[in-house]
Structure formats: C-alpha cells, structure tokens
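**Q** So you can see what is in the structure, the chains are spelled out below.
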Amino acid sequence: MTTTLTRGTGHGTQPDPGALKPTRHWHLKDLNWFGGSFGWLWLVIVMLPIYWIVITSFKAQSSYFASNPLAPPTTPTLDNYRLVVESEFARYFLNSVVVTLGAVVPAVLISFTASYAIVRAGHRSRFLRSVNALFLMGLAIPLQATIIPVYLIIIRLQMYDTLLAIILPSIAFAIPLSVLVLSNFIRDVPKELFESMRMDGATEWGTLWRLVFPLTRPALVTVTIYNGLGIWNGFLLPLILTQSPEQRTLPLALWTFQGQYSVNVPAVLASVVLTTLPILILYAIGRRQLLSGLTAGFSK
Amino acid sequence: MTTLAPPVARVRKSASSSGGRSGSVTWMALPALLMFIAFGVVPLVGVLALSFTTWDGIGTIKPSGLTSWKATLSDPGLPHALWVTFLIMALSWAVQTPLSILIGVFLAARKRYRGFLAVLYFIPLLLSSAAISITYKALLDPNFGLGAGLGIPLLTQDWLGRGNLALGVVIFVVSWQFIPFHSLIYQGAVRQIPTSMYEAAQIDGAGRFRSFISITLPQLKYTIITSSTLMVVGSLTFFDLIYVLTAGGPGDATRVLALDMYITGFQASLMGPASAIAVILVLVGLALALVLRRIGGGSNSQSQLEGA
Numbered sequence: 002m003t004t005t006l007t008r009g010t011g012h013g014t015q016p017d018p019g020a021l022k023p024t025r026h027w028h029l030k031d032l033n034w035f036g037g038s039f040g041w042l043w044l045v046i047v048m049l050p051i052y053w054i055v056i057t058s059f060k061a062q063s064s065y066f067a068s069n070p071l072a073p074p075t076t077p078t079l080d081n082y083r084l085v086v087e088s089e090f091a092r093y094f095l096n097s098v099v100v101t102l103g104a105v106v107p108a109v110l111i112s113f114t115a116s117y118a119i120v121r122a123g124h125r126s127r128f129l130r131s132v133n134a135l136f137l138m139g140l141a142i143p144l145q146a147t148i149i150p151v152y153l154i155i156i157r158l159q160m161y162d163t164l165l166a167i168i169l170p171s172i173a174f175a176i177p178l179s180v181l182v183l184s185n186f187i188r189d190v191p192k193e194l195f196e197s198m199r200m201d202g203a204t205e206w207g208t209l210w211r212l213v214f215p216l217t218r219p220a221l222v223t224v225t226i227y228n229g230l231g232i233w234n235g236f237l238l239p240l241i242l243t244q245s246p247e248q249r250t251l252p253l254a255l256w257t258f259q260g261q262y263s264v265n266v267p268a269v270l271a272s273v274v275l276t277t278l279p280i281l282i283l284y285a286i287g288r289r290q291l292l293s294g295l296t297a298g299f300s301k
Numbered sequence: 123m124t125t126l127a128p129p130v131a132r133v134r135k136s137a138s139s140s141g142g143r144s145g146s147v148t149w150m151a152l153p154a155l156l157m158f159i160a161f162g163v164v165p166l167v168g169v170l171a172l173s174f175t176t177w178d179g180i181g182t183i184k185p186s187g188l189t190s191w192k193a194t195l196s197d198p199g200l201p202h203a204l205w206v207t208f209l210i211m212a213l214s215w216a217v218q219t220p221l222s223i224l225i226g227v228f229l230a231a232r233k234r235y236r237g238f239l240a241v242l243y244f245i246p247l248l249l250s251s252a253a254i255s256i257t258y259k260a261l262l263d264p265n266f267g268l269g270a271g272l273g274i275p276l277l278t279q280d281w282l283g284r285g286n287l288a289l290g291v292v293i294f295v296v297s298w299q300f301i302p303f304h305s306l307i308y309q310g311a312v313r314q315i316p317t318s319m320y321e322a323a324q325i326d327g328a329g330r331f332r333s334f335i336s337i338t339l340p341q342l343k344y345t346i347i348t349s350s351t352l353m354v355v356g357s358l359t360f361f362d363l364i365y366v367l368t369a370g371g372p373g374d375a376t377r378v379l380a381l382d383m384y385i386t387g388f389q390a391s392l393m394g395p396a397s398a399i400a401v402i403l404v405l406v407g408l409a410l411a412l413v414l415r416r417i418g419g420g421s422n423s424q425s426q427l428e429g430a
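Chains L and V, in that order, give the protein sequences. The first sequence begins at 2 in this note's numbering and counts up one residue at a time. The second sequence begins at 123 in this note's numbering and counts up one residue at a time.
Rather than coming from a laboratory, the hints here were simulated on the basis of the structure. Among these hints, one or two may not hold up.
[Said to hold, decoys possible] What follows is a list of derived Cβ distance ranges for each label pair:
| hint | chain 1 | residue 1 | chain 2 | residue 2 | range |
| --- | --- | --- | --- | --- | --- |
| 1 | V | Gln279 | L | Thr78 | 26 to 36 Å |
| 2 | V | Val413 | L | Ala67 | 30 to 40 Å |
| 3 | V | Gly181 | L | Arg188 | 45 to 55 Å |
| 4 | V | Arg284 | L | Gly260 | 17 to 27 Å |
| 5 | L | Ile286 | V | Leu152 | 31 to 41 Å |
| 6 | L | Thr78 | V | Ile183 | 44 to 54 Å |
| 7 | L | Ser245 | V | Thr317 | 34 to 44 Å |
| 8 | L | Met160 | V | Gly199 | 48 to 58 Å |
| 9 | V | Glu321 | L | Leu194 | 49 to 59 Å |
| 10 | V | Ile183 | L | Phe35 | 33 to 43 Å |
| 11 | V | Ile347 | L | Leu194 | 29 to 39 Å |
| 12 | V | Gly199 | L | Thr76 | 22 to 32 Å |
| 13 | L | Phe35 | V | Ala212 | 23 to 33 Å |
| 14 | L | Met160 | V | Ala212 | 37 to 47 Å |
[To be verified] Facing chain V, from chain L, some residues (calculated, C-beta under 8 Å):
| hint | residue |
| --- | --- |
| 15 | Pro70 |
| 16 | Ala134 |
| 17 | Phe136 |
| 18 | Tyr161 |
| 19 | Leu165 |
| 20 | Thr257 |
| 21 | Thr277 |
| 22 | Leu278 |
| 23 | Leu281 |
| 24 | Ile282 |
| 25 | Ile286 |
All of these numbers come straight from a predicted model, not from anything done at the bench. Positions of the beta carbon are idealized from the N, C-alpha and C atoms, including for glycine.
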C-alpha cells in the first residue's frame, strides 16, 4: 500500500536506467564525459557563492577589502555574528517561528479536512465540487496580486503591524496547493478500507484520523515542508503588513540589516548565514524526507 | 415541521448510502473555504473594485470611475513592465528547463557520488529570495565584490548598474535559485520511466544519447508541462528577489509587473492604479495557465507509460 501512496517519490522501486550495460561504448563515454563535467561545473556554480558567504562572514571588515575574496580568513573572527545577534536577531527568529508554525499547522489541518470532504463526497455534492474548483482556480492566480485588498482588510480588522496579519493571509495562500496535493493522495486510499471502516461503525471524523491520516502522512509532510519553507522565507507579506521593528520576521530583518550595514559586507553575510542556519540544520537532519517530500506531490 | 424532518433526512441518507455516508463531511471543507474566501476571493474581487477608486492607502476610498484605469493604461511604464515580465519569464524558462532536465537525468542515476552532489545541489532551495539577492548584490559589487577582489576586469563590471546586464543577472539568480527544485521534479520523473523501455531500445541498438532523445524526453512530456507551468506562473511572483536585488532598476530595466504594482501602490501611494495593474497581473496569470493547459492537452489521465 505504501508504494501506491509514495509512488511520486520513486524510492528504490525501480532499477536505475543508467546502470544498464551499454552496447556502444563510445557513445556512452561521450555522454558520461559530458554529464560528468557538467555535473561538476554546476556544483561549482552552486557552491561558490555559498562558500564565499561562509568564509567572508568570518572575516574582519578591514581584512575583507585587503584579502583575496576566495581565500579563507587568516584570523577568523566572530565579531560579525556578535553584531547580528546584538541586533535583536533572537526576536526576529522567534517572530519567524511564530508566523511559520502559526500559519502552517492550521493551513495543513484545514486543507486536510477539506481534501477529505472533497474526495469522500465530491462526486455527490455539487457544493464540494465547486469548492474544489475554487481552490484550483487559486493555483492559477498569482496571489500577490491581491495584496492591496489584503492590506485594506488587515487595516480594517485592526490587525496591521501584528504577526497575525502575516499569519492569516499565509494560511489562505497555502490552501490551494495543499488541497491539490492532499486530495491526490487521499484518492489513492483503497475504497475497501473506507468500506470496512464504515462497517466497523466509524464516523467520518474517526475514519479521517484513524485511517486516512496515517496513510497520507508522506503527503502531509510534503505540504508542511513546502508551505513551511515558503512562509519562513516569505518577504512580501511582512513587508506590507507590518511596520515596527518588533514585528519583523527574518527575511525582512535581513533586508533592513543590509540597508543599515551595506558597507559591512562580512556582517551582512553573517546575517545571511544566521537566518539560513535553522533550515540548514533541519536539512541536515531530515534531508531525505525533505527532498522526497518537496516533490512527492508534483511528480505524480 | 420538525416531525417532517427525520423522514427527509432518512431518504437522503439511503439514497447516498451506496458510496458511504455523505452530508456529514461537508462541514470539514468549511474552515478552508472560509479562510480562502476571506483572504483569497474577497481580495480578488476587492482588487477589481479598488481599481475603480482613488485611494492613497491611508485616507478614505473614493469611487472615481475609470480614472485609475485611464492613468494606468496611458502610462508608458505599463507596456514596458509587461515586456520586462515577459522577457524574464521567457528567458528564465529557456535557461532553466534544459539545465533542470540535464541535472535531473544526471541525478537520477543511482551512483553514490551523485547522491552526495545532490545534497549540495539542493541547498539554494532552502535560502530565502531576500538572502540570495543580498548575497549576489554583495558578490557582484564592482568595488567590493568578487571581481574587484580577484582583480579580474571581466567580473568587475557594474552588473546591476546597466540595464541589460541587470536583466541578465536577474535571470541568472532566478535560475540559480529555482533549477534545484525543478531538477528534483525531473529526477523523480526520470526514475519512474520503466527500465524495460531502455532495455528494448538497447536491443534495437540505440546508444545512450539516442535513448535520451527517443525515450527519456518523450516520457518526461507531462513533467515538462508541470515544471513549465510552475516556472511560468511562478515568474509572475519574482517580487522579493528583484525588489531586493535591483529594486526594479537601473531606471526601470527590471521593473516587472508585480514590482510596478508595489511601487505604484505602496511607494507612490496610488492604490487605484496599482489595483488596475494587479488586475492585469491576475489576467496574465489566468491566460498563461489556460494556454499551458491547452498545450498540455488537459489529458493527464492518459497513461504516460503507453507502449511500456
């Protein structure tokens, strides 16, 4: 059953097409040479800026201009990090955590129940079909375009310059894709299992949590990670819906920090490292889950 | 009245009992529906309504008929913003698609060193657009950046100070940020291609390059459409990346539609015209989605493994 549910991730189910023994050696060599060198070239393109960020963030501002930009610092310093941490980094970090958790958890939960309703009763209920169509339409619309009325609504709700102002639209913007991915996976749950739950006298609510929830956990992880990354890195909503430094989230703090210390490149880069570090740590812990999770819904 | 209710309910229940109980699940869709209406549908209708008003973002909103639309449509900035948006969309698609397919195919092979490379390849996925833009801004600085430090004149150009160069930088940075994600999609798709197809091709004497052209690419057709849709519709929302990197400049060389809306509305305090631009943005997004769906044939149900 797990294979039907996770077929998007393609984990070890099929042997590798590239591992086949070739019949024409010269052809294989050509392509391998090309693919191999291209792979390493791309590695350089990806890693060079990242390497540069990390080493520069440990350089003193004075030595930054004097030294070779690609050489590691001769006397590494933590001053840049100290400067960033002293600029209320902890508060911005906490704000980002609150916004991300506060938006992702409810967004995934309500998308999950909505997907369940759409899959279970969508073929009978015209209402649920139109709800689904509405969400699908939301996928085609760049939701950023609605930012001006969102701003107006937030002002009228007296929520301007609060974290809730970022959370509420974030939840709404996360719904369309979450429902699409989750309902695709719920559809893969075999009908007989629903039937036997019904025979056992389970309510729909019970079926949702005891049957569908465990079986669609990979999809739930997918949408949680995908939305979580998007909201953690979100810039437009905090930029427009908050104003005071106390409500800043990390990307916005990064941007204002860069405005303040633009000449102090090492300090700016230290702030880049610090804002990315939490996600990098998560990536190091749950890389497999994160990568397969990110695309499980897309490569179906 | 109340006595009549139970039989009705019973009838409805028995009529739908063939596929399980219904009705009782409808409420589960309501929280998501309400949230989406409040912060998705209402603003969408609202943006159309606001485009027929005059508002500075703080004071009262005054209906003003077609004034905002006239101002927006007669502004030479609009066709320019549309053109820049289109240019960035088309060029970043043309750069990202072949590279993502190549990297996806490259990573799909189960070789250990490629697994290691993949870990590093995907790091840009984790960074925020703001962080990426800030990094490249510092990296490309003609006085303090990489080029100046290494003393390579070719790299010491004023990358963000000249129109075409800045546009090129935006496309490069966009590709740097998003190729990992699309490679990941292609990697998954390539691994789903049945091995039997490659075996058959081999028996017919096809080399690896030939197999790539005749099997891999056609089998990736739907993935290419999915990935392209995400790229194209996504390119309408490159607001934060461009805003932090160039702020639309130099001049208006990289002022895309989303940025035009923000600057008009939140910096020039012309919410009416900004709403009109937003309406245009929505229409462009919808039109693109429709076109891409037409290209895709809308036939996702058709087996992708035909002939396997």
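**Q** Does each hint fit the structure? Answer for all of them.
**A** Consistency of the hints with the structure:
1. A C-beta distance of roughly 31 Å is found between glutamine 279 (chain V) and threonine 78 (chain L), which places it inside the suggested range of 26 to 36 Å.
2. Between valine 413 (chain V) and alanine 67 (chain L), the C-beta spacing of about 54 Å breaks the proposed range 30 to 40 Å.
3. Checked against the given bound of 45 to 55 Å, the beta carbons of glycine 181 (chain V) and arginine 188 (chain L), roughly 50 Å apart, stay inside it.
4. For the pair arginine 284 (chain V) and glycine 260 (chain L), the supplied restraint of 17 to 27 Å holds, since their beta-carbon distance comes to about 23 Å.
5. Against the hinted window of 31 to 41 Å, the Cβ-Cβ separation of isoleucine 286 (chain L) and leucine 152 (chain V) comes to about 36 Å, which satisfies the hint.
6. The beta-carbon spacing between threonine 78 (chain L) and isoleucine 183 (chain V), approximately 53 Å, falls within the hinted interval of 44 to 54 Å.
7. About 59 Å separates the C-beta atoms of serine 245 (chain L) and threonine 317 (chain V), a value inconsistent with the hinted range of 34 to 44 Å.
8. Remark: the range hint 48 to 58 Å for methionine 160 (chain L) to glycine 199 (chain V) is contradicted by a beta-carbon distance near 32 Å.
9. Checked against the given bound of 49 to 59 Å, the beta carbons of glutamate 321 (chain V) and leucine 194 (chain L), roughly 36 Å apart, lie outside it.
10. Under the hint 33 to 43 Å, the C-beta atoms of isoleucine 183 (chain V) and phenylalanine 35 (chain L), about 60 Å apart, miss the expected range.
11. Take isoleucine 347 (chain V) and leucine 194 (chain L): their Cβ atoms lie about 32 Å apart, and the range 29 to 39 Å holds.
12. In this structure the supplied range 22 to 32 Å is violated for glycine 199 (chain V) paired with threonine 76 (chain L), their Cβ-Cβ distance being about 50 Å.
13. Range check, phenylalanine 35 (chain L) to alanine 212 (chain V): about 26 Å between beta-carbon atoms, so the 23 to 33 Å window is met.
14. As the Cβ distance of methionine 160 (chain L) to alanine 212 (chain V) is approximately 39 Å, the hint placing it in 37 to 47 Å holds.
15. Interface restraint check for proline 70 (chain L): the shortest CB-CB distance to chain V comes to about 3 Å, inside 8 Å, so the restraint holds.
16. A distance limit of 8 Å between C-beta atoms decides the matter here; for alanine 134 (chain L) the minimum to chain V is near 12 Å, and the interface restraint is violated.
17. Interface restraint check: phenylalanine 136 (chain L) against chain V, minimum CB-CB distance 7 Å, threshold 8 Å, status holds.
18. At about 11 Å, the closest approach between the beta carbon of tyrosine 161 (chain L) and any beta carbon in chain V exceeds 8 Å, and the interface hint on this residue is violated.
19. With a cut of 8 Å, the hint placing leucine 165 (chain L) at the interface with chain V is violated, because the nearest CB-to-CB distance is about 12 Å.
20. With a cut of 8 Å, the hint placing threonine 257 (chain L) at the interface with chain V is violated, because the nearest CB-to-CB distance is about 10 Å.
21. Among the interface hints, the one on threonine 277 (chain L) holds; its C-beta lies about 6 Å from the nearest C-beta in chain V, closer than the 8 Å criterion.
22. Given hint, leucine 278 (chain L) at the interface with chain V, is violated; its Cβ is 10 Å from that chain's nearest Cβ, farther than 8 Å.
23. Annotation: leucine 281 (chain L) was flagged as interfacial toward chain V, and the flag holds, the nearest CB pair being 6 Å apart, inside 8 Å.
24. Hint on isoleucine 282 (chain L) is violated. Least Cβ distance to chain V is approximately 10 Å, over the 8 Å limit.
25. The interface hint given for isoleucine 286 (chain L) is broken, as the beta carbon of that residue sits about 13 Å from the closest beta carbon of chain V, more than 8 Å.
In this structure, the earlier hints numbered 2, 7, 8, 9, 10, 12, 16, 18, 19, 20, 22, 24 and 25 are contradicted, and the remaining ones agree with it.
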